[in-house]
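**Q** These are the residues of each chain, in order.
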Amino acid sequence: MAPSSPTAPAHSRPHEAPGLGARSVHQKPGPDTLLATRDLVIDIPGRAPGAPLELTVDPGQCWGILGPNGAGKSTLLQTLAGLRTARAGTIEVRGQAITRLPRAELARRIGLVFQTHHDGFPATVLETALIGRHPYLRPWDIETSEDYARARAALAEMDLSDLEHRMVDTLSGGERQRLAIATVLTQDPSLLLLDEPTSQLDLHHQVAVLNRVQGIVAQAHRAAVLVLHDVNLAARYCDHLLLLFPDGQACWGPTATMLVPSALERLYNQRLSVGEVDGLPVFLPRNE
Amino acid sequence: MTRAFLLAAAVLLPASLLAVLIALAFGSVAIAPGDLLAVMLGEGSRLHDTLVLELRLPRALAAFAAGGLLGLAGALMQVLLRNPLADPYVLGLSGGASVGALLAMLAGLSMFSVSLAAFAGALLSTVIVFGLAHGTGSWTPTRLLLTGVVVAAGWGAMISFLLAVSPTAELPGMLYWLMGDVSHARNPYPAWILLVLVVFLALPLGRTLNVLARGPMQAAALGVAVRPVEWSIYVAAALITATAVMQVGAVGFVGLIVPHMLRLVFGNDQRVILPASALGGGILLTLADTLARTMIAPEQLPVGVITAMLGVPVFLFLLYRSR
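So the sequences go chain by chain: A and B.
Residues 0 to 287 in numbering that gives the first Met the number 0 are what the first sequence lists, from first letter to last.
Residues 0 to 322 in numbering that gives the first Met the number 0 are what the second sequence lists, from first letter to last.
Just chain B, same shape as in the assembly (with noise of 0.2 Å):
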């Protein structure tokens, strides 16, 4: 285990960095690294200070907190449903969080409500999809994830309703919401407080949750206070997705695709999982980002087009493999 946590962390924080570097030096200018570097020692020319500084680094930020929060999220999620299948974005979550802030648009509400609302809509999704597949004992994931696949055509639903009946004006922006935007992602602290809290609160319960994937019974024959544990997991999991939600849209697949192929290289040791899914999902969020500064620069593709162009084959795959 301590391998290999510590060869995760010799290969994700490097990669981390070198993500928001690439971050910075890259979008409609790109910067070489001497201007980078001058930027950085506060040498840089006016130009560079202001698209590095005030433009580019809180973006990156809000972009690597956002993907954390949404791998971290996904990992959490996994371990609940014993089912690597599950993610805020298929379980419906993400859905319920687009409906808060269409609504929150169409009502002509501020920038800062419609990211509430968002917030709103990602909790009480989780509240409706988890509640209802609770029943009487334990998760079942097969229940859950049906009760997350229904709910989430429901949301897929009320969102198509909300864009038939929104005025032609308000359109292009709620597109760019639904498909996970972090253009308009201003002040990322928040999000990176609750990143670095629950990955600390996460750690020194990683081995209980290693005990719980082994099945609820299993895990109580071993000490495991299983309800307490499992409330806990849910409610962080919910809230972290609202927040990563409200910063960045519905960006779907993180939660899938991060925790998987950490899981191909480091194995399922929840205690190296789960920081290394914050990691990862920052990573993979930032250089997504980027692209969707880049392809077409000087405009702007959503960044959620291309997470699900990477999720899809992805959440296939897994599927046409699991038994």
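This is chain A alone, in the form it adopts within the complex (with noise of 0.2 Å):
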């Protein structure tokens, strides 16, 4: 294999940090690990298998995950969420197998929120709110108010309140993508994982959620997965990396080792240019 290089990172050898040739130690899963995949091979159709993945996300964790288009993100995203199965490795979920647990109890230690959204039948604003307690209720159930009052929370904290008996499809796409995450501040799991959070916000919302799940992850026995396409908010916001290559190679490790220029230029593609503001970097593409 060969060594990295500020270019290169190496691939399969995720815990070197990309162009500083320091080696972060790898982290073994411990007791209170709430996801660790080992070898774990995303399976898209067609496409060659990509580094094998070796992940570990630790309570008060927040990883973001970037990548081009169609590097894998929310294959890989959709897959820890036990939605799809992997083409090789396994997934544990503070330590059983992602395969050996019930769905709805996995739901309730994993929520994931889609980067679209259907809506087969009209529904309201807190209906769609409502669904994130599916998962802790049995099948005669019906939503208490304690339920009802856990979704309204949910919609204030996403400036929905007011929207509450608007039907979903008369929604903004902002709006829409507010109320996905407010559906998934209801079903209140362990482990956050969010497709492009903040891809349709305006300015203020995207650091409103991003605050909100910096507070989250800073509950006991939190953490957070984010695809994101602003490196100047990952940087901000997530404490891991994981950098997928459109090449299938990934590397991986604390924000800090991964901002490497070379390293994000070879990851879009796109030169960039660096600068720092209020002590953090800022990257922002060069045209020339």
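It is worth saying that the hints were derived from the structure and are not from the lab.
Note that beta-carbon positions come from the ideal geometry of N, C-alpha and C, so glycine has one too.
A few of these clues could be false.
[As the list claims (entries may be wrong)] A few chain A residues that face chain B, going by a derived Cβ cut-off under 7 Å, partial list only:
| # | residue |
| --- | --- |
| 1 | Ala103 |
| 2 | Phe120 |
| 3 | Gly274 |
Reassemble the complex: the two chains are provided individually, in unrelated frames, and hints are given to aid placement.
**A** Okay, here's the thing in structure tokens:
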């Protein structure tokens, strides 16, 4: 295996931070680990297998997944949620194989916000947030006032209280996205998986959503994994990063060791200018 | 949800009773409310007793059960396909039943065998349509609707062929069957048992179906075992459609109009819509059959003509409004 160099992070040598040559200690799953993958290769039909992933998500961590379009970010997120079968490798949720956990149990531990939302039949905003309680209710149960209170609290956090009775199909793209996040807040899982949660949000709501995620992760036994396209937001809010390269290579580690301009340039196939604002690195595309 | 459920029950249960009473009172001879009450209390005249208890009551109950099954089948298929246009008739299931029934008639079999052949035809058609449209992943609504429409066209061609080669004497009976006809439905009880059974099995599944309506991936992320649930709905919908068609022939559009109307009034909670569709379908077919018996009395119209007259405009309106 070629040693890692600034322009080519070593594939399948994930814990080697790109460009620094320094090895961060490979994290072993501990008793508190929320999610751990072993030699995980995601299944993208018609594509050669990518580098096996050895990720460990511990409580208190906020992971960012960065990569160009089609690198498999969403597929990875859905695989981590147990919605897709992996091509190889295993996923463990708190030490138990994900394939052996009952669906409802899994939905109480892992919540996923999708990139796109399908609303088959007309429904109100409140009804949509309320389906987050589904994993907690038995077949004959009817939502209690507590379930409603949780849904309303989540809507309030996403600035949607006034829209409670609106039909979902009348919402704007950003409002629909905040509603999806409110639904997962109602679901209240230990591990939040968010697929481009801020892609349609205005600046204020981008920051509000990510602050909320940060607040949740600060609670006991919580963690989050976010797919993001904004490197600067990732630099600010994520403590760990996973870079998925278009050729199937991958590398991951603490954010500080991953934000190497040459690696990011290779990641996006785009020259970047680097600056510093408020002590944080800022990356902007360079046009030439 | 509780409020909508109670409201639906408060409106639809009395309406069901009223529909059956109307079916008992009207026909080639109208029976006054006082006389009807007398029959109920066992003090009616001989003529009224025969008319109400032996002729009209079994027919009204058969129409109600078949309508209930068709309404429920429509509501279930609409959740399965996440599309308000799904309906046993539109998806070609009734066409398969018709071909089965016509073949049995052509072979000169008994009315009972004709019903069984219709049941088999409906099941076969369900297997073809849903099997072909399933492909590798989940059912995609567009593919399923297209498959259903094409299969229905195929059945239509076979029906025309069978009518063309049938002896003239058989034609009136065949045409009546094709347009939907309650007059030969005599034993409504198996259909009733199935109706009650499926409603009670569907009720605890209602919230799961609400989540499933948001798409299979979202449902799985919220803890729904998508595959088993989808297959259960599929099997239940096929079974109840076949049973209904066996009773009343190719009656169309009940499964389309009823859930749609009820959604406009009671919202989209499947825990309300499924039982309400059963009652609403029953009410609609009972009233439609009463109309069919009385409009040109003493002659009878096929009940399918009446439901189609209501159903076609509603379907076109829905199609026009859907984006």
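**Q** So, for every hint listed, does it hold in this structure?
**A** Against the structure, the hints:
no., hint, in the structure
1, Ala103, "holds, 4 Å"
2, Phe120, "holds, 5 Å"
3, Gly274, "violated, 38 Å"
Going down the numbered hints, you'll see the structure goes against just number 3.
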